[in-house]
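Q: Chain F is fixed; fit chain C onto it per the hints.
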Amino acid sequence: MSDSTSLTPLFLSLQVAGISTFVVFITGLLAARILSRNTFFGKSFVESVLLLPLVLPPTVVGFGLLILLGKNGWIGKWLLEWFDIQIVFSLTGAVIASIVVSFPLMYQSAMAAFASIDRKLENAARTMGASGWRVFWTISFPLAWSGLLAGLVLSFARALGEFGATLMLAGYIPGKTDTLPVAIYFAVEAGQTEKASFWVIIIIALGLSITIWLQWWSRRNLNRYKSEK
Amino acid sequence: MLKRFVYSWAALLVLLVPLGCSSNHGENQLSAQQPAGQPSSARPDGAAPQPAEKAELIISAAASLTDAMNELKRSFESEHPTITLIYNFGSSGKLAQQIEQGAPADLFLSASKKDMDELQEKNQIIADSRIDFAKNALVLITSSSSPLNVSSFAEIDPARVQHFAIGEPESVPAGRYTKEVFENLKLWDKLKSKFVLSSDVRQVLTYVESGNADAGVVYSSDAIIAKNVRVLATAKPEWHKPIVYPAAIVATTAHAEAARDFLAYLTSEKGKEVLKKYGFQQVS
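First to last, the sequence lines map onto chains F and C.
Under this note's numbering, think of the first position of the first sequence as -16, with each following residue one higher.
Under this note's numbering, think of the first position of the second sequence as 38, with each following residue one higher.
Bound-form chain F, shown alone (with noise of 0.2 Å):
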């Protein structure tokens, strides 16, 4: 296991759930309040879709991204004449891979967390003279927290294992977009052993320190909440 095994697919993968978590946190949450406090016209409409990649199998997920990102497709082609940025078999693409994927676990979570707070709580600060903002910061959103938490945990859980999506649009290219998940499947194949476990074993690693912290985070953060009240 000498030469083969770089860390890259380590660094690789913890940047593309990293950044993929990122925004999917940020755009599930907004996402989540818009639709949840607004009612419009094709409203399930919309909720449907932005649900529908966590039904479809991630391979019809990357086939569908491959189609409409690609060279010749809808939104690739226009990417690539006016920015000359390709997407498909670049670590981009595994990012969008990520996001596409984990997206509806974020929404959903932040969905979940906000209806279950009680609205009078917002509405009574809102009768105090609280902005929107002010109260979505200081009522809202720490009330949301654990289940926002949640919905973070899961997204990045979902980033990091994404594969099928991941390998569509990406691709295997050593070095530049193997991703764990994409360099255990490889290894399992080509029959490497010893390879595959070294990866499985770095993967558990991540998986319980990233659940320890977030436990730490988590338990400082509510502490805080506490003694400020």
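Be aware that a few hints might be false.
To be verified - Okay, derived cross-link-like pairs now, DSS-like style, lysine-lysine, Cα gap no bigger than 25 Å in a straight line:
| # | chain 1 | residue 1 | chain 2 | residue 2 |
| --- | --- | --- | --- | --- |
| 1 | F | Lys178 | C | Lys216 |
| 2 | C | Lys229 | F | Lys159 |
| 3 | C | Lys150 | C | Lys307 |
| 4 | F | Lys178 | C | Lys231 |
| 5 | F | Lys159 | C | Lys223 |
| 6 | C | Lys151 | F | Lys178 |
| 7 | F | Lys178 | C | Lys131 |
| 8 | C | Lys227 | F | Lys159 |
| 9 | F | Lys159 | C | Lys231 |
Claimed, not checked - Far from chain C by the CB rule (all over 12 Å, computed), these chain F residues:
| # | residue |
| --- | --- |
| 10 | Leu18 |
| 11 | Thr22 |
| 12 | Phe28 |
| 13 | Leu34 |
| 14 | Trp65 |
| 15 | Phe72 |
| 16 | Ala98 |
| 17 | Glu105 |
| 18 | Arg117 |
| 19 | Val118 |
| 20 | Phe119 |
| 21 | Trp120 |
| 22 | Leu152 |
No wet-lab data here; the hints were simulated from the structure.
Cβ atoms here follow ideal geometry from the backbone N, Cα and C, with glycine treated the same way.
A: Just chain C now, kept in the frame of chain F:
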């Protein structure tokens, strides 16, 4: 407190889920290939039920044979009304594994000599029934709209391709042959940074058809059924190990007679004609 405890364990579980998923994914993909290609065992249209006992011949065949075998099924069954063919398509390695594990199969049509050899060593096939029935070739393809124009593998200019799709050489047989070709032509190292490695040949086709990869290497039998690709060149057979398709009757078969009938049909003029139509070559 309890809530927090339960919660943190839920989070831990959630994190462990993708681990399971990522390894399962591969298996799922592979096992998915098998039932996917399996046609329903419907009888030929309009055929009256046969009074004689009907033999159901289960054929485990390499995925690359799918289209050719489905066409052969129609003509074979109309000529042999007492035999129904049931296909189980998959990668040759997986099929060999299944047979070894005792999966019901009467015939094995493999895309690789290696897998058949392994079964023969373990006496899982009837050795004297073994024949090589087809050959395949490697072709260099590009999308039909691509300006790329070369007439031989040796002419590929690494500077002019950005992404070159091939099968992953360690796990995909087509990739292994491709590597042999490029090593022979002293192009492997020069092209190395351009390669996008695929988990099977059909994925190479997708990448090239959609124009995302500038070029790719697939079997000639794959190129022939693809829509938007142009074949630029065929690799010379001496550049790689021969790509032969061996067939043999599985040792545990209960329908040896019917299996022999099918093997005879496969090597008959009609069989050769269909195989040729789908891009396979005759074994000399």
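Q: Could you check the structure against the hints above and give me the numbers of any it violates, in ascending order?
A: Result: hints 15, 22 break, sorted rising.
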